[in-house]
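Please construct the entire structure, taking both the sequences and the accompanying hints into account.
What follows is the residue order along each chain.
2 protein chains.
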Amino acid sequence: MDSNTPLRVALAGLGTVGGGVVRLLDANRDLITRRAGRPIEIVAISARDRNKDRGIDLTRFAWIDDMRDLAGHAAADVVVELIGGSDGPALTLARQTIAAGKGFVTANKAMIAHHGLELAQAAEAAAVPLKFEAAVAGGVPVIKGLREGAAANRISRVYGILNGTCNFILSKMEAEGRDFAEVLAEAQALGYAESDPSFDIDGVDAAHKLSILASLAFGTRPAFGDVSATGVRHVIAADIAEAAALGYRVRLVGVAEADAHGLFQRVHPHLVPVDHPLAHVTGSLNAVVAEGNYVGRLFFQGAGAGEGPTASAVVADLIDIARGEYGSPYAMPAAALTVEPAADTGERRARSYLRFTVQDRVGVLAEIAAAMRDAGVSIESLIQRGVAADGSAIVAIVTHEGPERAVVHALEKLRGSQSLSGQPLWMPILG
Amino acid sequence: MDSNTPLRVALAGLGTVGGGVVRLLDANRDLITRRAGRPIEIVAISARDRNKDRGIDLTRFAWIDDMRDLAGHAAADVVVELIGGSDGPALTLARQTIAAGKGFVTANKAMIAHHGLELAQAAEAAAVPLKFEAAVAGGVPVIKGLREGAAANRISRVYGILNGTCNFILSKMEAEGRDFAEVLAEAQALGYAESDPSFDIDGVDAAHKLSILASLAFGTRPAFGDVSATGVRHVIAADIAEAAALGYRVRLVGVAEADAHGLFQRVHPHLVPVDHPLAHVTGSLNAVVAEGNYVGRLFFQGAGAGEGPTASAVVADLIDIARGEYGSPYAMPAAALTVEPAADTGERRARSYLRFTVQDRVGVLAEIAAAMRDAGVSIESLIQRGVAADGSAIVAIVTHEGPERAVVHALEKLRGSQSLSGQPLWMPILG
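So the sequence lines, in the order shown, correspond to chains A and B. So the first sequence is residues 1 to 431, counted in the UniProt record's numbering. So the second sequence is residues 1 to 431, counted in the UniProt record's numbering.
Where hints are given, some of them may not hold.
Among the chain A residues that face chain B by a calculated CB cut under 10 Å, a handful are [claimed, not checked]:
#, residue
1, G139
2, E148
3, A316
4, L365
Covered stretches of chain A, as calculated for chain B (at least 3 residues, CB under 8 Å) [to be verified]:
#, region
5, 23 to 31
6, 34 to 44
7, 214 to 226
8, 290 to 304
9, 328 to 339
Rather than coming from a laboratory, the hints here were simulated on the basis of the structure. Glycine is no exception: its CB is placed at the ideal position from the N, C-alpha and C atoms.
Next comes the structure, spelled out in structure tokens:
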């Protein structure tokens, strides 16, 4: 590369992250030029509202009214997409940019989870870079860590805390002994949670990220449709307290595993042992663990969202491109990715946490214990505690290791029981 | 790259790590070929003893009696050096390999700390790869994390637990309340510490690694000679107990910082707050924190040594080379690295831990307190505890934040005092 030739960037989207990318490239310009070996320069921008005050001088850049025109913009080598959405304008822009023979960088986890394979195939055919480090764990270079750092390893399992909003809420519930709804409302007021928080708190966002990690870790085709996702809505303060008494913390963990049973991908609240590194991930941090057959357990942690961290990852991708250091988006050519069947979760063996809210009356415990016994679930410990003014109580159970199928059967047996108030909560214990 | 053309590797050294590289390339062959885009094949090997049983079939490879002949071996694209030593055969091999126009991969932290700049200049001039991921934190991809993952950031500070032997010893002292010498002897018996452990326990090994990280993080020329290194020999069980009582753990931390005062590089036992991620790094793990102006605090953790993790990092470098994804070893061309003066540590402001072993007699505390006052050191807390059958006691002090110079002055004032037994121990508190 000629060190005087800048890498020319067209930027779609000037929200929090887009503004961050402009500010970062300004603030660290000289350092980035030294590291990248040549300047990285924004040449054109497009966003919904041209006149909004973003506190940045945009007159330096060509303004493009129709975002789709960025793809064909003659002066650009790479398009950076920061508008979001799995389909629609973002996907159109991605396809057109690659078809036009330009590189494409995105932070868009939903689009990559749904359409990453198609885009990777197109990028390989066109011999252009496609990069999405910012799509998983924000500023933490976990995609690079799997694609390159751990590339020599057969990865048996990749898992982590992939949604900062949920971790913020669970940490706050833990620190303050409060219930979910109350903490969510506060997080929304503070801007840590969206006004419609379902993407975050129902685990969809984490599921997007998990499917990307799984593909990189196992060399399997992205299979977002096979991720099962359960969020944190049903975790109550008592769950966190009982978990703590037993030596665990509650975390929303996305787990992917590949073995003879197929590809397992699940986002679910877990009990995490206090001596596990994920137990110490608090607030809105993200963290990822990868277990390799030679490297052992690798752990990455940092800020998973926000202007600065996300911009850091986007610009890291641009620096890789400026250096000419890039290749297959999924660590191997798309054609080499294998198709794995979704694993049968019933076969998975784990210890489980079960919590029932019960009417405090004769025979409740016997009914629960009988259902467990009949389903073949072996109880390691059981605590019953009165909790509420209405006389209801909590029964929290930890099971011995056994197949998940048995726990599901036990819960089915108890469905509709007059002794229970509301739905029981099941959480696997991270092993 | 033609996907049928293997990357051909000549391997120098068949000790623990060399054997691990051979085994890893065998065990994960198909996966590595898919990820690298082409096979990675060892074609020639050299080691001291041809006839030693290593449990590996070596007849597949050309055996080269004189290691120096690997550099010119016609069939090899890359030489992997795993013999160690900062100078001597390793350095000769590195120079000759690069001069012969081949790539060079090493796990040799001592050589890179001392001669990395020269080798990087030579590699750039010859346009060949020079890579050393395994030289810092074993299997943890921290060099890649700084060189690429955090490349968009101005890094203000990089620090971490860089020596697994010391961390193993400190963790064991902490868990079992035992003293250093006893735990060291046990670690040696178990093979976790060398029979001559000084490279590890005096902080030299960590200093090698720290100087490599500093150069990558700050874009400064490697300056191993400016690293001050103090190991863990003088930490006693009482220090760990007092630290715990105050909410800290004792860790050997290498810290590098670049600011207007110059480049600061120090390996020293520190008090680490229990809510800091480094406090939870136990056993022989390594961990590195990098603080960037956009990404915030990045944290990497994993196995810092051993056959599997080190081989994992070496082969990751080979995969980068096979993919053609490599560039300047220090993240920017060697000519772009700046020369920074060593920082004046006296100007550094920190809270400090000071521990004195004292004769339990009238006036001891007054003498210590007066020395502190006269040097301008402000005491935040002080504990005196009788500890030994001989009537000696421990005085442990935590100071308010202040310049290190003042603490040094206070200790000078107390030098030779009849009230003190042995040397006082100073440890900075990680802020």
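Comparing the hints with the structure gives:
Below 10 Å, beta-carbon pairs count as interface contacts, and G139 (chain A) has one with chain B at about 4 Å; its hint therefore holds. Among the interface hints, the one on E148 (chain A) holds; its C-beta lies about 6 Å from the nearest C-beta in chain B, closer than the 10 Å criterion. Hint status for A316 (chain A): holds, given a least beta-carbon distance of 5 Å to chain B, under 10 Å. Against a cut-off of 10 Å between C-beta atoms, the interface hint on L365 (chain A) is violated, since the closest Cβ of chain B lies about 38 Å away.
Residues of the region 23 to 31 of chain A lying with their CB closer than 8 Å to a CB of chain B number 4, which satisfies the three-residue condition for coverage. For the region 34 to 44 of chain A, the assignment as covered by chain B holds, since 4 residues bring a beta-carbon within under 8 Å of that chain's beta-carbons and 3 suffice. Only residues whose beta carbon comes within less than 8 Å of a beta carbon in chain B count, and the region 214 to 226 of chain A has 1; fewer than three means the coverage is violated. Taking a C-beta to C-beta cut-off of 8 Å, the region 290 to 304 of chain A contributes 12 residues in contact with chain B, enough for the three needed, and the coverage statement holds.
With a cut-off of 8 Å between beta carbons, the region 328 to 339 of chain A has 5 residues touching chain B; three or more are needed, and the interface restraint holds.
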